[in-house]
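Trainee: If you want the building blocks of each chain, they are given just below.
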Amino acid sequence: MKRDLSLPIDGATARQLRVGDILFLTGSIFTARDEAHLLMLEAQESGKDIPFDPSQMALFHCGPVVSKQNGGWKVIAAGPTTSIRMELFEDKYLETFRPPIIIGKGGMGDRTQAALESVGTVYTQYTGGAGALAAKRIESVEGVEWLEELGMPEAAWFFKVKDFGPLLVTMDSVGGNLYKDLEPTIAENMKAVMARIEAG
Amino acid sequence: MGSMTIQEALLVALKQAVTVLPQDVVNALQEARERETSSMGAAQLDAILENVAIARDGSIPMCQDTGIQTFFVEAGVNSPFLKDLRHWIGEAMIQATATVPLRPNTVDPFTGKNPGDNSGRFMPLIHWELVDGDDVLISILPKGGGSENMSALKMLAPGVGMKGIKRAVVEHIVSCRGWPCPPTILGVGIGGGADIAMKLGKKAVLREIGSRNAVPEAAELERELLELVNMTGVGPMGVGGETTCLAVHVEYAHRHPASLPLGILVQCWADRRARVRLNADGIAEVISR
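Top to bottom, those sequences are chains E and R.
Using this note's numbering, the first residue of the first sequence is number 186, and each one after it goes up by one.
Using this note's numbering, the first residue of the second sequence is number 1265, and each one after it goes up by one.
In case anyone wonders, no lab produced these hints; they're calculated from the structure.
Don't take each hint at face value.
[Claimed, not checked] With a cut-off of at most 30 Å between alpha-carbon atoms, the simulated BS3-like pairs for lysine-lysine come out as follows: (1) E:Lys365 - R:Lys1418; (2) R:Lys1427 - E:Lys345; (3) R:Lys1418 - R:Lys1347; (4) R:Lys1467 - R:Lys1418; (5) E:Lys233 - E:Lys277; (6) E:Lys345 - R:Lys1279; (7) E:Lys345 - E:Lys321; (8) R:Lys1279 - E:Lys259; (9) E:Lys376 - R:Lys1427; (10) E:Lys321 - E:Lys347; (11) E:Lys277 - R:Lys1377; (12) R:Lys1279 - E:Lys253; (13) E:Lys365 - R:Lys1427; (14) E:Lys187 - E:Lys233; (15) R:Lys1377 - E:Lys233; (16) R:Lys1467 - R:Lys1427; (17) R:Lys1463 - R:Lys1279.
All chains, please: the whole structure from these sequences, using the hints.
Mentor: Take a look at the structure:
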């Protein structure tokens, strides 16, 4: 089902989203990849303040190309990065910072799935490589954190977006998982592939 | 395109590579879209094609990961410019990073520092090959990290034979799921040694879609592997569908009797490439694709 959502969204709304839903987001999102995840978790542990509230935004696994123009920032390309790299710490990150929506690509593992269920977050897939399309839906850059330490791809960027999508929900908060649903079909197909190779 | 200096041509080619997808890849994506029976897979291909058009029309990078640029240089031994090429390529890289712009992607493995201009130790990567004549042909392959992470080396036991190679390739592609941004282009390097198999695989990625290895057995393996990987149903972006790979290209070398190295180079759908030719008079051109 197609859904237009305005961020921030409440916990109940996020909990209702299901695998197969297609979302278009309007509002504030922020980027965080490997290094920003680690930095934020370490800052939290050592009692430092995080300068924004991730629970009010969508978390975007993305390392954008951003260019400085007329004293401000302009997004050139900003598609999703491969989410599975963040599997190492995403469960802890979700439990600590509670963003209601993740935007990434390729899906994540069992630890993240469990955290989606306990926190009430959904994982959505944006088409990988669609960096120019994504940039078109980003209205403005609201700010950036840790640019100096982490560099452009790994810094946390804050974007104001309009109709940002299509975002396909592929992992939800009630155990739904599109990638897992596909596995029996692929396993069945692999039997045919292997039989064909054996037959030469 | 008209003649220009090598510096100009490298800048034009670097921009072209990341903003305009070669027509053979666009055609293959369109054919995949026409064949696609999964609605979710089709939606992924629609978004890719729309994205490719936006990037081309606006001269902006089609993907935010503009990659780490690998240059394959076929250097004519009689070219008077051999000693300058590394410098020119390095300078063009830094300039293109600022002007296209490209994402600064080079990171020091020890300090984590990013110099911000795509320079660095051994950067940009250059593979040199000496050839006859006085022309220099430079192929540029900006390769994203997501698909490079899915590339693999398998040191197979020679006893598994060609069947073992086919099994290993299909099993690997299924294990990659949607992570390398399928539909992908596979470069398969066979033989040589561990390093050569990987390098041959990467060179295979440079080939145009629709081209076939000149050796009939290798061409047949390309055809068969493509059919096999597309039977798996992984589909565009791993959400299920008909097309997991757009093309499979095989390159090979003779091997040690005890070794069967298999390099599987995975290239995302954004199979970005560009070529520059430099002649002995110092006139350069970007070769149209």
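Trainee: Now, for every hint given, state plainly whether the structure supports it.
Mentor: These are the hints, each one checked on the structure:
no. : hint                  : result
1   : E:Lys365 - R:Lys1418  : holds, 27 Å
2   : R:Lys1427 - E:Lys345  : violated, 52 Å
3   : R:Lys1418 - R:Lys1347 : violated, 36 Å
4   : R:Lys1467 - R:Lys1418 : holds, 18 Å
5   : E:Lys233 - E:Lys277   : holds, 17 Å
6   : E:Lys345 - R:Lys1279  : holds, 28 Å
7   : E:Lys345 - E:Lys321   : holds, 12 Å
8   : R:Lys1279 - E:Lys259  : holds, 18 Å
9   : E:Lys376 - R:Lys1427  : holds, 15 Å
10  : E:Lys321 - E:Lys347   : holds, 9 Å
11  : E:Lys277 - R:Lys1377  : holds, 26 Å
12  : R:Lys1279 - E:Lys253  : holds, 18 Å
13  : E:Lys365 - R:Lys1427  : holds, 28 Å
14  : E:Lys187 - E:Lys233   : violated, 39 Å
15  : R:Lys1377 - E:Lys233  : holds, 23 Å
16  : R:Lys1467 - R:Lys1427 : holds, 23 Å
17  : R:Lys1463 - R:Lys1279 : holds, 24 Å
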